[in-house]
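Asker: Sequence:
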Amino acid sequence: KTSLKEGNKGFGAVVAKDGRVIASAHDTEVTDQDFIAHAEINAIRRASKIYRKDLTGCLIISTHEPCPMCTESIIWSNISEVVYGVSIRDSIKAGRDMINLSCKEIIKKSNAKINIHDGILKKECLKLYNDDIIKLVRKFRKSEWINTENVNRYKKIKKK
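In this note's numbering, each residue carries its 1-based index in the sequence shown increased by 143.
What the hints contain is simulated information worked out from the structure, not anything from laboratory work.
It is possible that some hints are incorrect.
[To be verified] Beta-carbon label-pair distances, calculated as ranges:
(1) R188 with K148: 30 to 36 angstroms
(2) N254 with D175: 28 to 34 angstroms
(3) I235 with T174: 37 to 43 angstroms
(4) N254 with S191: 27 to 33 angstroms
(5) V173 with N254: 32 to 38 angstroms
(6) W219 with K270: 20 to 26 angstroms
(7) G200 with R232: 25 to 31 angstroms
(8) K251 with I179: 22 to 28 angstroms
(9) V173 with G200: 31 to 37 angstroms
(10) G162 with K196: 31 to 37 angstroms
[Said to hold, decoys possible] As a list, the in silico BS3-like pairs of lysine-lysine whose alpha-carbon atoms are at most 27 angstroms apart:
(11) K247 with K265
(12) K252 with K270
(13) K160 with K266
(14) K196 with K247
(15) K148 with K265
(16) K251 with K148
(17) K266 with K152
(18) K251 with K236
(19) K160 with K196
(20) K236 with K152
(21) K196 with K236
(22) K160 with K192
(23) K270 with K256
(24) K252 with K160
(25) K247 with K160
(26) K266 with K196
(27) K251 with K160
(28) K196 with K148
(29) K196 with K270
(30) K270 with K192
(31) K252 with K265
(32) K236 with K265
(33) K192 with K152
(34) K247 with K148
Quick reminder that beta carbons are idealized off the backbone N, C-alpha and C, glycines included.
Let the hints inform the model, and build the full structure from the sequences given.
Answerer: Here it is, written out as C-alpha cells:
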C-alpha cells in the first residue's frame with residue numbers, strides 16, 4: 144500500500160548501494176502513531192538491518208529534502224550521498240509548516256563528508272505536494288518513483 148492510501152503524508156525514500164536498491168520505505172507517522180517514522184528514518188532502519196549500523200557508500204534518495212531529524216540520522220548512519228526532489232524552502236513557500244533548516248546547513252556544520260544533490264526529479268516530486276495533494280498522492284505508488292530504474296537514471300544524470 145502507498146503512504147497516502149494508508150493515511151500517511153506521502154513521503155518516500157530509498158537507500159541504494161552500487162546502483163542497487165537495498166531498502167525502500169515511506170512515512171508511517173500516522174499509521175504507526177510515531178512522530179519519528181519519516182520515510183528516511185524507516186528506509187535507514189531497513190538498510191541498517193542489512194549493513195548493520197554503517198551505511199558508508201550508500202546513497203539515500205527522497206521525494207523531499209530530509210528534515211533536521213532525518214539529516215542527523217543520515218549523518219550518524221554514515222550515508223555518503225543525499226538526493227532529493229522538493230526542498231524544505233519549496234514546501235514552506237507552498238504553505239507547509241516545517242522547520243526552516245536545510246540538510247545542507249546541518250551537514251555543513253558536522254564533520255560528515257556527504258554529497259548533496261537537490262532538485263532531482265523536482266517537477267515529478269512537486270506534483271505530490273501541490274494543491275491537489277490528496278488526489279495525486281493516492282495515485283502515487285512508491286514503486287513508480289523509487290525503484291532501481293530511477294536510481295540508475297539518477298546515476299546517469301550525475302555523470303553528465
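Asker: Output the indices of the hints that this structure fails to meet, ascending.
Answerer: 1, 3, 4, 6, 10, 12, 16, 21, 23, 26, 28, 29, 30, 34
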